[in-house]
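Protein chains: 2
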Amino acid sequence: MRIVITGGCGFIGRRLALKLLEQGSLPNTSGGADEIESLVLFDIGEPTPPIPPDPRLTIVTGDICSATDIHNLIGSNTDVVYHFAAVVSSGAEADFDLGMHVNFDGARTILETCRKLETSPRFIFASSVAAFGGDMPSVIQDDTAKTPQTSYGSQKAMCELLVNDYTRKGFVDGRTLRLPTVVVRPGKPNKAASTWASSIIREPLQGEAAICPVREDQAMWCLSPRRVVDAFVRAAGLPGETIGANRAIGITGTTHTVREMLDALNCVAGKAVVDRVRFEPDADIQAIVSGWPTHFNPVRGAALDFVHDSSMVEIIEAFIEDELDGSFVS
Amino acid sequence: MRIVITGGCGFIGRRLALKLLEQGSLPNTSGGADEIESLVLFDIGEPTPPIPPDPRLTIVTGDICSATDIHNLIGSNTDVVYHFAAVVSSGAEADFDLGMHVNFDGARTILETCRKLETSPRFIFASSVAAFGGDMPSVIQDDTAKTPQTSYGSQKAMCELLVNDYTRKGFVDGRTLRLPTVVVRPGKPNKAASTWASSIIREPLQGEAAICPVREDQAMWCLSPRRVVDAFVRAAGLPGETIGANRAIGITGTTHTVREMLDALNCVAGKAVVDRVRFEPDADIQAIVSGWPTHFNPVRGAALDFVHDSSMVEIIEAFIEDELDGSFVS
Numbered sequence: 001m002r003i004v005i006t007g008g009c010g011f012i013g014r015r016l017a018l019k020l021l022e023q024g025s026l027p028n029t030s031g032g033a034d035e036i037e038s039l040v041l042f043d044i045g046e047p048t049p050p051i052p053p054d055p056r057l058t059i060v061t062g063d064i065c066s067a068t069d070i071h072n073l074i075g076s077n078t079d080v081v082y083h084f085a086a087v088v089s090s091g092a093e094a095d096f097d098l099g100m101h102v103n104f105d106g107a108r109t110i111l112e113t114c115r116k117l118e119t120s121p122r123f124i125f126a127s128s129v130a131a132f133g134g135d136m137p138s139v140i141q142d143d144t145a146k147t148p149q150t151s152y153g154s155q156k157a158m159c160e161l162l163v164n165d166y167t168r169k170g171f172v173d174g175r176t177l178r179l180p181t182v183v184v185r186p187g188k189p190n191k192a193a194s195t196w197a198s199s200i201i202r203e204p205l206q207g208e209a210a211i212c213p214v215r216e217d218q219a220m221w222c223l224s225p226r227r228v229v230d231a232f233v234r235a236a237g238l239p240g241e242t243i244g245a246n247r248a249i250g251i252t253g254t255t256h257t258v259r260e261m262l263d264a265l266n267c268v269a270g271k272a273v274v275d276r277v278r279f280e281p282d283a284d285i286q287a288i289v290s291g292w293p294t295h296f297n298p299v300r301g302a303a304l305d306f307v308h309d310s311s312m313v314e315i316i317e318a319f320i321e322d323e324l325d326g327s328f329v330s
Numbered sequence: 001m002r003i004v005i006t007g008g009c010g011f012i013g014r015r016l017a018l019k020l021l022e023q024g025s026l027p028n029t030s031g032g033a034d035e036i037e038s039l040v041l042f043d044i045g046e047p048t049p050p051i052p053p054d055p056r057l058t059i060v061t062g063d064i065c066s067a068t069d070i071h072n073l074i075g076s077n078t079d080v081v082y083h084f085a086a087v088v089s090s091g092a093e094a095d096f097d098l099g100m101h102v103n104f105d106g107a108r109t110i111l112e113t114c115r116k117l118e119t120s121p122r123f124i125f126a127s128s129v130a131a132f133g134g135d136m137p138s139v140i141q142d143d144t145a146k147t148p149q150t151s152y153g154s155q156k157a158m159c160e161l162l163v164n165d166y167t168r169k170g171f172v173d174g175r176t177l178r179l180p181t182v183v184v185r186p187g188k189p190n191k192a193a194s195t196w197a198s199s200i201i202r203e204p205l206q207g208e209a210a211i212c213p214v215r216e217d218q219a220m221w222c223l224s225p226r227r228v229v230d231a232f233v234r235a236a237g238l239p240g241e242t243i244g245a246n247r248a249i250g251i252t253g254t255t256h257t258v259r260e261m262l263d264a265l266n267c268v269a270g271k272a273v274v275d276r277v278r279f280e281p282d283a284d285i286q287a288i289v290s291g292w293p294t295h296f297n298p299v300r301g302a303a304l305d306f307v308h309d310s311s312m313v314e315i316i317e318a319f320i321e322d323e324l325d326g327s328f329v330s
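Here the protein sequences come in this chain order: A and B.
Using this note's numbering, the letters of the first sequence correspond one by one to residues 1 to 330.
Using this note's numbering, the letters of the second sequence correspond one by one to residues 1 to 330.
Just so you know, the hints here were simulated from the structure itself, not pulled from any lab data.
Every clue listed holds true.
Since the list gives no way to pick one copy over another, a pair counts as held whenever it fits inside one copy or between any two copies.
Straight-line alpha carbon distances no greater than 25 Å define the calculated SDA-like cross-link-like pairs of lysine to any residue that follow:
| hint | residue 1 | residue 2 |
| --- | --- | --- |
| 1 | Lys169 | Asp105 |
| 2 | Lys169 | Cys65 |
| 3 | Lys169 | Asp97 |
| 4 | Lys169 | Ala283 |
| 5 | Lys116 | Cys65 |
| 6 | Lys169 | Thr195 |
| 7 | Lys191 | Glu280 |
| 8 | Lys169 | Gln286 |
| 9 | Lys116 | Glu93 |
| 10 | Lys169 | Glu93 |
| 11 | Lys169 | Leu98 |
Modelling step: build the complete structure from the supplied sequences, incorporating the hints.
Below is the structure:
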């Protein structure tokens with residue numbers, strides 16, 4: 001089988017690719033699994049660091065908004081497309097046109113290209129809890145209306161509708177996973193308003209100082225990178241009729257406050273590590289983060305056996321194992 | 001002030017235009033009203049029957065999908081755009097690409113053109129209860145998630161998100177009205193699965209037979225053309241802060257079963273008129289109509305003082321008055 005991952009050199013795309021190459025197969029919707037013959041990662045640039053060569057692996061660079069690039073990418077033998085390529089929240093907010101072009105038009109171009117194959121390939125899309133916002137209940141239910149307060153969230157919510165309709169029409173076999181905030185992300189702090197949620201774990205474990213700009217009672221709906229990758233593998237094998245007409249699934253996660261995150265860090269790594277975190281309240285960031293939903297009741301995601309982390313301790317231990325080669329600076 | 005109505009020669013556009021010319025002004029968001037200097041109706045063809053000439057009125061024919069046509073239509077002195085142009089439900093279902101081009105891309109082109117004015121004009125959009133569907137509660141609440149089961153409904157729901165985001169960014173001052181089924185529509189039966197809801201009133205009152213393809217206990221969420229037009233006038237004058245960040249408003253209506261419709265017809269016009277309706281169950285139509293939501297609790301629409309009809313009798317009497325010159329064939 002042939003799998004294409006857009007945004008394949010990004011954080012999640014890369015991890016999914018490595019996982020797929022390692023396991024050698026992907027679940028199909030008949031209860032079995034198909035051997036992976038070809039895995040294509042599409043992105044705007046080459047992966048850094050490079051991904052070890054593999055005869056099954058191809059890296060293609062191009063523009064997600066170019067119909068020609070996408071046509072060349074998604075050939076008639078494509079069985080599954082994972083669509084991760086996106087401009088992040090802050091980027092889509094700063095440049096509305098760029099966000100619409102990449103996050104909405106890009107997804108539409110890929111859906112159209114899949115449709116033209118006339119084989120209804122599986123199309124697996126990453127949506128976000130940013131699709132929620134505004135006036136919300138204290139706990140987000142599966143049937144809570146989406147009134148996003150960002151362009152990024154609006155574009156994701158529009159794509160969810162598009163994936164559902166393309167699926168209903170038989171153009172693709174879509175499944176959309178609405179992801180919690182991914183914690184702990186590797187790498188460096190970025191401009192995202194949520195960057196502290198990874199920073200306050202990641203930097204102290206490497207002997208560096210970290211700043212927490214929000215209150216210690218601020219909660220966050222979290223899922224580890226390991227569980228996110230597992231969820232995308234699982235999504236490929238769910239029979240469509242099991243998911244139902246609404247192909248957008250709020251997957252399971254866990255809610256942790258800053259205090260709980262730091263308590264778990266203390267438990268795993270000790271007080272000296274936690275002491276590298278300094279609270280520097282930032283009213284702007286606090287205001288943005290306060291607008292995010294923190295508690296969810298994903299009944300469908302749980303019924304579809306998506307698995308969340310058992311604790312913040314598990315999330316931190318997985319990060320140390322996966323990203324720090326099993327050790328940290330105490 | 002200058003007002004543009006797309007789909008201005010259609011059923012609702014035409015009625016709104018006549019109403020606006022008659023009253024001579026449109027409410028503004030400061031509690032006053034502005035004199036209408038120019039009213040432009042944009043459509044694919046001339047109105048039939050012709051609209052009586054008026055120095056304030058201009059008819060423009062063109063293509064809603066043509067950026068050039070829309071650019072020429074929406075000049076820098078445009079204060080309010082009513083966007084009604086759409087491919088109807090059955091049309092968007094039969095031709096997916098046409099539906100996307102007209103219902104989604106058309107709305108986006110108009111929003112973009114309004115944005116380029118840099119004056120944040122009022123943009124008033126007609127959405128539909130077809131935005132709901134699939135697994136729904138027995139009563140649709142304002143915060144019920146939209147999982148439409150038609151391409152038309154998906155396109156409307158996507159546009160609702162777009163109007164909200166364009167408003168949040170200050171590109172337009174948007175307000176979206178989610179309309180009940182408009183009953184009684186004038187004219188002839190069409191291919192819409194809801195066409196019977198008008199037919200079973202309209203045809204018998206003109207001495208003609210009508211067929212009802214659904215069960216007599218089938219309910220429908222209804223609003224008369226008169227109230228729809230009133231709602232679009234009212235929408236123009238609501239201050240944005242009164243509406244809130246979610247500019248999509250489910251306006252109020254009333255739920256009536258076929259039996260209740262015919263009882264009201266009997267009350268207004270007598271048994272001989274009702275006897276012109278014949279029940280011919282159509283399983284396909286019944287299946288489509290059974291999937292539509294029938295009961296709503298539009299708390300926001302009611303709080304914003306949108307007015308619904310007081311009874312089915314009132315709806316029928318308004319139809320006789322407005323469309324049949326006050327008389328019917330008994």
